[in-house]
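Q: Spelled out from the first residue to the last, the chains are:
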Amino acid sequence: MTTAKRPSPAVPDLLYSEVEDDLRAAVRAVLADRCGPAAVLGRIETAEPYDPGLWKVLGADLGLAGLLVPEEYGGQGASAREAAVVLEELGGAVAPTPFLGSAVLAASALLGCAEAGAPDLLGRLAAGEVTAALAVPLTAAPGDAFPQGVRADAAGRLTGRVTSVVDALGAAALVVPAAGPDGPALYEVAADAAALAAPVSLDLTRPLADLTLDGAPGRLLAAGGAARAALERALLTGAGLLASEQLGLAQWCLDETTGYLKQRHQFGRVVGSFQSLKHRLADLWLEVVSARAAARNAAGALAAWDDPAEVALAVAVAQAYVSPAAVHAAEEAVQLHGGIGMTWEHPAHLYLKRAKADEIALGTPGRHRRALAGLVDLPAAAG
Amino acid sequence: MAGTGSANGTGGMPGAGGTGSTGGAGGVGAAEVRERARALLAACPPRTTGRRDFLRARFDAGLAWVHFPAGLGGLDAPRALQAVADAELAAAGAPDNDPRRIGIGLGMAAPTILAYGTPEQRARFLRPLWTGEEVWCQLFSEPGAGSDLAGLRTRAVRDGGDWVVDGQKVWTSSAHTARWAILIARTDPDVPKHRGITYFVCDMTDPGVEVRPLRQITGEAEFNEVFLTGVRIPDAHRLGAVGDGWRVAQATLMNERVAIGGGSAVPRESGMVGPVAATWRERPELRTPELHDRLLRLWVDAEVARLTAERVRQQMAVGTPGPEGSGLKLSMARLNQQLSGLEVELLGEQGLRYGDWTMVRPGSVDFYGRDAGYRYLRAKGNSIEGGTSEILRNIVAERVLGLPAEPRTDKDVPWKDLPR
Ligand SMILES: Cc1cc2nc3c(=O)[nH]c(=O)nc-3n(C[C@H](O)[C@H](O)[C@H](O)COP(=O)(O)OP(=O)(O)OC[C@H]3O[C@@H](n4cnc5c(N)ncnc54)[C@H](O)[C@@H]3O)c2cc1C
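Going down the list, the sequences are from chains X and L.
Okay, so the first sequence: first residue is 1 according to our numbering, each after it adds one.
Okay, so the second sequence: first residue is 1001 according to our numbering, each after it adds one.
If you're looking for bench data, these hints aren't it; they were derived computationally from the structure.
Just so you know, not all the hints are guaranteed correct.
[Stated by the list, open to error] Listed next, the in silico EDC-like pairs over lysine to aspartate or glutamate satisfying Cα-Cα at most 16 Å (straight line):
1) L:LYS1411 / L:ASP1190
2) X:LYS262 / L:GLU1398
3) X:LYS262 / L:GLU1406
Model, not experiment: these values are computed from the prediction.
Same shape as in the complex, but just chain X:
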């Protein structure tokens, strides 16, 4: 055989630890209190879709803002495994918070630059004083070429445009990948030095921003290979952990739909007693069960970070599997709720919009499958 397939490494612990269960319970309690479907629906069309009070409790009081930041830089020193549990809960509530953008993407990028001393921004971010955003389109995927849309001159002035940035509205600082005078570089830019426009986004619970920089002053965080590595690690972490958000979302859709079908009557019987629907829900359950294994595996691989190729593989598998599973769950939720699933008043649409946007975010399933082709030696057809 001409195979060069990778050996099979030990599978990480795919279960939840007691600490993780406690963290989940704490996050869930806050969300139940402050972020029920009615609260989310009430906010999404206002000028402030993110509830600052909610983020204060989650980010600062519970410490989620600095969950992934080591204690020496003022954070909680937790691993991707705990962040994944938080994202399951945030996904289950389609919570409008800057956790993904600030505490995962921006924090991971900043951590990658921390070798030369942690940027002051990291400490303030970890304390929950400010949020930051990683200035890449939400469609950016691990393995992409380093972005060239923003140029930096020798004086550290940045010019260019980045579209569809997540969690930039409300952020105090931007972490901007730019083509610097000596190649790729990451800069810190104050958000008020950029012009931000807010397009209407499909996912009402996660607003986007288009940034324009016109000679904005930047502070160099990392250059060359270090900048590349920091961005790649942030994207891998983001994509891998996004699978847990998608899992939480899918679990909510399954639970909510199952509950509804148990009480909705038509034809003189509970709708959930019709076998075609029982089978659809059984299939969905199986997808969610499988998605959980894939998402936990990615979180475990990110937490251990032993072999970068294995991390990339675990992330690609999780994204390729969990993204479509979450979309399927949300689509089934809408269909199986019937007319009420089509209304603005019922929260199912929030989950559908989030699921569909998440499918495109940080690499589509097809993009992740292509990455896998290289990682597991299943090359494309020639020509």
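Following the hints, position chain L with the ligand against chain X.
A: This is chain L with the ligand only, laid out in the frame that chain X set:
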């Protein structure tokens, strides 16, 4: 009860991964298991000990199935420790008991005998079952009772110290190699169907047992029709109480889906994905963009199914089994069918050909010794044997998700009055 899965074939489900039920609560740890394995190897060096003698000694050392009780091939140890024994013995080149040939005995008969057998039955049957000296088969399904197994009509009538059995069973894998069978038969037609069934051990050498090969879509005959005419079974070979056979059968059927494999994670690209991936790597001329995308999708599904099985295994190892195990067979059936279908298509002209349609009666199922066409056809059975995928979906919907049971018209009606 709607949808109780029915009987299975001999290990006809490749790639389902190692799962297992929780083990006993005994204080035996990995170190002791390893020590015992080394002592066994020292006492019976594999190089100089005959296969049968080694396997018997292994059973007697408690290393056959460590979660079984001491004296019955086990150590009352957690099931997860089986992997320790297996690894230690395999590394020393020790022979194994060829589990594929005796899957029904290991996976179904043994746990049922352990749960419901008398001390005499356990002592008589378990050792030769495990060593493979005696092959077992499962006489459950009948022409008129498959998914609705409890509707079965094979009769067992008391005659002094014996039972006399008449009826027909079908799809019986390994009946042609089996020494013993687990059998369920109707002992009381006047009560509703689930209540009038009794569970027996049937001697396949009884003159009233006639086994006829039943050729299947692969050309061979893995399973059989079994005609039972005046078969005499001593009452001492009854498992569980008279009329309690349905409950005993549940133990068999539940074990069926967790029985596969020992205690360790299966490697990546195990199962049906392996041959397809290998063909893809070796034969660049067969590649097309469309097949590439399908292969990658299925590769992802297979890897996720492997991780899901591993998660179930981890849950069992820490003693908190969840409902997730019930889904594994559903995933594997679908995957095996799709992967083998893709493989035939990928092979193009070669996919038009088939290895050999000669009717043979194999003693075990080997998915990998044969060509893709065989895999494609044999995998069709994966969603039928051991409970069809439709029945498994009913079970998940009802027992895991709590959705209402299928409407029943046969529940309180005596079996003899059911419409048929
Ligand atoms: C390879 C192989 C090996 C086997 N080995 C053995 C063995 O060793 N011993 C043994 O006893 N049996 C064995 N079987 C038999 C197997 O368990 C039965 O074939 C199986 O349970 C289905 O029963 P049936 O064939 O009567 O199909 P039926 O029950 O008649 O089913 C026909 C179709 O209807 C569907 N269906 C039935 N009821 C429902 C319902 N309530 N809701 C939705 N759909 C439903 C089924 O899914 C199926 O698609 C084997 C089968 C195969 C294929």
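Q: If a hint holds in the structure, say so; if it doesn't, say that too.
A: So, going through the hints one by one against the coordinates:
no.: 1; hint: L:LYS1411 / L:ASP1190; verdict: holds, 13 Å
no.: 2; hint: X:LYS262 / L:GLU1398; verdict: holds, 11 Å
no.: 3; hint: X:LYS262 / L:GLU1406; verdict: holds, 14 Å
In this structure, every one of the numbered hints holds.
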